[in-house]
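Peer 1: Next come the chains, spelled out residue by residue.
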Amino acid sequence: MTRLTVEGLAIQAGGRTLCQGLELTLAPGQCWAILGGNGSGKTILLHTLAGLLPATAGTIRLDDHPLAALPRRHIAQRLGLLLQESHDPFPTSVLETAMSGRHPHLGRWQQEGDEDHAIVHQALAAMALSGMEQRVVQTLSGGERRRLAIATLLTQTPQLLLLDEPLNHLDLHHQQQLLHQQRRLAREGRTVVMVLHDPNQALRYCDRALLLYGDGRWESGVCEELLTVERLSHLYHHPMRLLRQGDERLFIPADEGTAGQTHSPSSH
Amino acid sequence: MRPLPLLIALGLLTVLALLLALMVGSITVPASELPAILFGEGSGIHRDIVLQLRLPRALAALAVGGLLALAGVQMQVLLGNPLADPYILGISGGAAVGALLALLAGGATLAVNGASLAGALGSMVLVFGLAHGRGVWSPTRLLLTGVVVAAGWGAVISFLLAVAPQQNLPGMLFWLMGDLSHADRPLPALLILALGLLLSLPQARNLNLLARGELQAGALGVSVVPLRLQLYLLASLLTAAAVTIGGSIGFVGLVVPHMLRLLVGSDHRLLLPASVLSGAILLLLADTLARTVIAPQQLPVGVLTALVGVPLFLYLLQRGYRA
Numbered sequence: 006m007t008r009l010t011v012e013g014l015a016i017q018a019g020g021r022t023l024c025q026g027l028e029l030t031l032a033p034g035q036c037w038a039i040l041g042g043n044g045s046g047k048t049i050l051l052h053t054l055a056g057l058l059p060a061t062a063g064t065i066r067l068d069d070h071p072l073a074a075l076p077r078r079h080i081a082q083r084l085g086l087l088l089q090e091s092h093d094p095f096p097t098s099v100l101e102t103a104m105s106g107r108h109p110h111l112g113r114w115q116q117e118g119d120e121d122h123a124i125v126h127q128a129l130a131a132m133a134l135s136g137m138e139q140r141v142v143q144t145l146s147g148g149e150r151r152r153l154a155i156a157t158l159l160t161q162t163p164q165l166l167l168l169d170e171p172l173n174h175l176d177l178h179h180q181q182q183l184l185h186q187q188r189r190l191a192r193e194g195r196t197v198v199m200v201l202h203d204p205n206q207a208l209r210y211c212d213r214a215l216l217l218y219g220d221g222r223w224e225s226g227v228c229e230e231l232l233t234v235e236r237l238s239h240l241y242h243h244p245m246r247l248l249r250q251g252d253e254r255l256f257i258p259a260d261e262g263t264a265g266q267t268h269s270p271s272s273h
Numbered sequence: 003m004r005p006l007p008l009l010i011a012l013g014l015l016t017v018l019a020l021l022l023a024l025m026v027g028s029i030t031v032p033a034s035e036l037p038a039i040l041f042g043e044g045s046g047i048h049r050d051i052v053l054q055l056r057l058p059r060a061l062a063a064l065a066v067g068g069l070l071a072l073a074g075v076q077m078q079v080l081l082g083n084p085l086a087d088p089y090i091l092g093i094s095g096g097a098a099v100g101a102l103l104a105l106l107a108g109g110a111t112l113a114v115n116g117a118s119l120a121g122a123l124g125s126m127v128l129v130f131g132l133a134h135g136r137g138v139w140s141p142t143r144l145l146l147t148g149v150v151v152a153a154g155w156g157a158v159i160s161f162l163l164a165v166a167p168q169q170n171l172p173g174m175l176f177w178l179m180g181d182l183s184h185a186d187r188p189l190p191a192l193l194i195l196a197l198g199l200l201l202s203l204p205q206a207r208n209l210n211l212l213a214r215g216e217l218q219a220g221a222l223g224v225s226v227v228p229l230r231l232q233l234y235l236l237a238s239l240l241t242a243a244a245v246t247i248g249g250s251i252g253f254v255g256l257v258v259p260h261m262l263r264l265l266v267g268s269d270h271r272l273l274l275p276a277s278v279l280s281g282a283i284l285l286l287l288a289d290t291l292a293r294t295v296i297a298p299q300q301l302p303v304g305v306l307t308a309l310v311g312v313p314l315f316l317y318l319l320q321r322g323y324r325a
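Residue numbers (this note's numbering), protein chains in the order written: chain A, 6 to 273; chain B, 3 to 325.
By construction, these hints were calculated from the structure, which means they are not laboratory data.
From a predicted model like this one, the values you see are computed outputs, not experimental measurements.
Hints may contain errors.
As the list claims (entries may be wrong) - Residues of chain A placed beyond 10 Å of chain B at every Cβ, according to the derived structure:
hint, residue
1, I80
2, H92
3, Q164
4, L190
5, G194
6, D220
What the hints assert, rightly or not - If you want the footprint, here are the derived chain A segments under chain B, 3+ residues with CB under 8 Å:
hint, stretch
7, 67 to 78
8, 97 to 110
Cβ atoms here follow ideal geometry from the backbone N, Cα and C, with glycine treated the same way.
The shape of chain A in the complex, shown without the other chains (with noise of 0.2 Å):
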């Protein structure tokens, strides 16, 4: 069982600070969220989450060890990370791409073996893949380069996953499919964190949140709590309101006229 806790965390990039003595628990089972708009800070805190980013302040401890002290590899086996965009100058196939997953847990020597097989073909099938392994990356879309990078995150199979805009490139089959999948990762004892730009798909997929405004402040709680017109409103800097359609809440912006007059909470 993997956690992640995080206690008087500061982030400061480019002169400000992003976010100040942030508290966290990210314990098995949960599903989280974490929302706020452009340059808030989302996709550096899951970077320092993963160890990749020193903290400006605080601690962030894996089971109990502080994670800077500990090895690249031993992270990796446990704590995955999706990144926002995926990077491939040299040219290479989709098998060898998912297959990388793997590297965290393979000897230095060691060859990947059936079972390491077994699981690359699982994962790619998860994301319809199948039927392109020998396709070179280059050649993929958008949003089959963005599934092959899901596809490699499930290939890691880390207790803890955290993905930066999981949903970037995706069309809405895939969309619904990704964060159903997370869910159902998250229900069967994984920790998953998704940077998601749409507070109903946080609503409807995550059962907690977090808020980064920006300039320091944050706030975390359950979603159905957190989540309000009011603190939306701020979050985004744009007038939101509530729909609701039996037990169903939607959020949807308020129409762009009135927007940008106001940057207070609109009430509705």
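Position chain B relative to chain A; hints supplied.
Peer 2: For chain B alone, kept in the frame of chain A given last:
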């Protein structure tokens, strides 16, 4: 193609290219005599030609080709750029300035080699120090620093050529184009090549990941900072060794890794050894041609690597990535 058969095939081709280099020249040594000569028998002029002239030079060509191809693969991963070659960070420029100064001063082969090694190492330290600077050590910053330092060396080289006396110019131009006619001590280069391969093979899978960016590599468990440092030092030293022996022989370090990526894909566990063997084959063939094509006059081998490499590469590029 499966990895092992491919490496065995390349190994056999390397041996064939080596034997060809020993046979061909102003005096042809028949293949039937080679075994006796190589195993310490035989006699006369053929023996002297093979053991004292052709074998050291062929082994030097083999080593330099392997060094350049290996350094090329590493530079491309380090800079995350398929257009990078071993010379892109100015190592060959620094070496050239050292060598040309020694040639101007009328230095012998040993002095020229020493000066070019000093120039290469000096340039390597300079680029590393400047790229490190105060800021972050990013591939882009390293690339820009290296390219600018290389441009600076280029200006110094042009200056030296402009002021050099007439009688020194041919030697200087041969050095600049890459030339193996003075390469008579191949053993250090072979040892450095073996060491370089031994140090990089354990990192092969890490290189696969670093090729996809430092963040992706870090996320999948690679300790990026020490790996990049090792890559920079190793690729620079391999390049310095190659340039010291053969001058700035172009094309091998850029084209061989590319051709191999097109042919066998980007798994560095295969790419590293396959590139070394292919670089060795290419330079062996090119140097054999350089010695013989307009004999008795010799061409700088750098001219031949380009003449052989350009059409070969363009053909492979047309053919596209492997299916």
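Peer 1: Each of the hints needs a verdict: does it hold here or not?
Peer 2: Right, here's what the structure says about each hint:
{"no.": "1", "hint": "I80", "in the structure": "violated (7 Å)"}
{"no.": "2", "hint": "H92", "in the structure": "violated (4 Å)"}
{"no.": "3", "hint": "Q164", "in the structure": "holds (14 Å)"}
{"no.": "4", "hint": "L190", "in the structure": "holds (18 Å)"}
{"no.": "5", "hint": "G194", "in the structure": "holds (22 Å)"}
{"no.": "6", "hint": "D220", "in the structure": "holds (25 Å)"}
{"no.": "7", "hint": "67 to 78", "in the structure": "holds (count 3)"}
{"no.": "8", "hint": "97 to 110", "in the structure": "holds (count 8)"}
Checked against the numbered hints above, the structure violates hints 1 and 2; every other hint is satisfied.
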